[in-house]
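> Here is how the chains run, residue by residue.
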Amino acid sequence: MRIALILPFLIATFATFGMNDYTQLIVLYIAINIILATSLNLVNGFCGQFSLGHAGFMALGGYTSAALSMHFHPFDGAFQFLNFLIYALAGGAVAGAAGWLVGLPSLRLKGDYLAIVTLGFGEIIRVLFLNTESLGGARGLFGIVGLHGIDLFGLQLSPFFMSCTIAYLWASFTFLFLWRWTHSSFGRAFLSVREDELAAECMGVNTTRTKVLAFVISSFFAGLAGSLYAHTTNYLSPASFQFTRSVDVVIMVVLGGMGSLTGSVIAAIIVTILPEALRPVQDLIGIDIRMVIYSLLLILLMILRPQGLLGGKEWSYFLDSSLKRTTDIWRRYVRRPS
Amino acid sequence: MQDFIQHLINGLNLGAIYALIALGYTMVYGVLELINFAHSEVYMVGAFASYYVARYANLDAKPGIVSFITCLVVSMFVCSILGLTIERLAYRPLRNAPKLNVLITAIGVSLFLQFAGQAVFGADPKVFPEVLQDSVLFEWGMIQLRLFDVVILLVAFISMAGLHFLIQHTKTGKAIRAVSQSTRTATLMGISVNRMISITFILGSSLAGIGSVLVGLKYPKIDPLMGMMIGMKAFVAAVLGGIGNLPGAVVGGLVMGVCEEMVVGYLSSTYRDALAFGLLILILLFKPSGLLGKARVEKV
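Respectively, the protein sequence lines represent chains A and B.
Here the working numbering is used: the first residue of the first sequence is 1, the next is one more, and so on.
Here the working numbering is used: the first residue of the second sequence is 1, the next is one more, and so on.
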């Protein structure tokens, strides 16, 4: 808990002083992708449903937040960052409400059908934004306000430091929220729906409600990520919320292991950095190999290691097991109980 | 009224192409219970295969029935090889895996072909060579019946009739039907299930190949991402008709094509893609078994 509060400031400080503009942007994208991946994991991993429409909810959150930022700014000056709290929550709320509307009818479907329907909703949302001229239409929405830097008792905090801290605070919040949620009785209900829907129903779990709940929470955080994205890039266009973005997030979830929040975080970092790291190779060959590698990765993962990198385990498992190993060694060789 | 008839002709054309591709989805779903996302990319590769053959064999220099049929055959051949390879390498290792894993693999294969296609063929759209010369066969006021319209409908009809014969009146067809009813019982009856699945992939993929050449004739612009949207719509057509049901796919395809042309004609062309998903959502909510499908009670 304390780590989750301190870490964002550390990352932001480190990124502000140790990196150039380009890497700083990647650091911000990592935070956004962590929120997207962990939230999608709630539906795809913990609840066993397969959603392919995360980009649509992200778009909803982003556009809501951007539109709100044009007309509504209650805080000024040093407290300007509080505005963004409101925008993010509003974006999340709108996306969550849309998730409820979409989830209620479509979660009656299973597997492949659900995947197609969520994909369909994602595309419909995108087409709607494409046709809304007041939000820029196909040209996109320019000049969305970003965070200002503030002067904290003589300490100059740059705009980047502010947005990085806030993005990572949100990422920590998402992780903690989902962690506590999945480790509660609600979380066990999700797992039971994934493992056997019929048995879950027999145990008194309202499966439809559980699934819709997972969907709403997941879309809320997707909207939140969309809001962060909008104010980070200062530009939104329907083209940034295409099907491939949903697929990116699905790849993060699958790579990290469905049902592992830690895995999603690690995979989000890998999947964000990998294409940038591959850029020299790409320049050498001259073709866009990012998605080729991703898709091959997806196929090979499913054939060779369908449980993902961490196989549904969390960091605490690895901590526990390494602790146990050390204590075992201690007991066996050092203490030697009589 | 004349407007309406023209839209109807265009819609039936588009619908025939959707139907050809939808048949591939529905057949694979019938035997494997898997939405073969890669099917639309098989179609894309077919279009490029016939494009390259037509260009390097100079088929567009002497347009005519021979060049057209050469294109068809090459496209069918390449598509069936590709379909077979995908089944062998990606789907067969996962025959007993959970359905979700196979679904993710299918999406992976589809993306791989899309982006590998961009790398190999180049991302810019190419103009499909004119392997057959278009002419106006019949004109009445604003209504035009062109040669391509007739060719598309005719080729689509012949291939569907061929498929119908193959499935209903040959031993292989009987075996495929048996596999789609129950894999286990089919195995007990001495049917090689893997072979039947391969044959299904070959049939479906070659239909996609035919579809790709027909699209090339009518809308002569091809690019590596062309498969995605048309594949999605063909899939909606398959669901509309009742997935796993061959006549259903044809009906669904035609309905889909006509609806789309009407939306483009009377509303706005920006909504043509949203229409497909809207239709899909409606049909899944109100009649998930499709127009011609039988409602199946899910057994516990």
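It is possible that some hints are incorrect.
What the hints assert, rightly or not - Calculated cross-link-like contacts (lysine-lysine; reagent style DSS-like; alpha-carbon spacing at most 27 Å): (1) Lys110/A <-> Lys171/B; (2) Lys313/A <-> Lys287/B; (3) Lys110/A <-> Lys62/B.
What the hints assert, rightly or not - Listing some non-contacts, in silico: residues in chain B with all C-beta distances to chain A over 12 Å: (4) Ile167; (5) Ser182; (6) Ile191; (7) Met228; (8) Leu284.
Rather than coming from a laboratory, the hints here were simulated on the basis of the structure.
By construction, the Cβ of each residue, glycine as well, lies at the ideal position given by its N, Cα and C atoms.
> All the hints need checking, so say for each whether the structure fits it.
Going down the list of hints, with the structure as the test:
no.	hint	verdict
1	Lys110/A <-> Lys171/B	violated, 34 Å
2	Lys313/A <-> Lys287/B	violated, 40 Å
3	Lys110/A <-> Lys62/B	violated, 51 Å
4	Ile167	holds, 23 Å
5	Ser182	holds, 20 Å
6	Ile191	holds, 25 Å
7	Met228	violated, 8 Å
8	Leu284	violated, 6 Å
Violated hints, listed in ascending order, are 1, 2, 3, 7, 8; each of the other numbered hints is respected by the structure.
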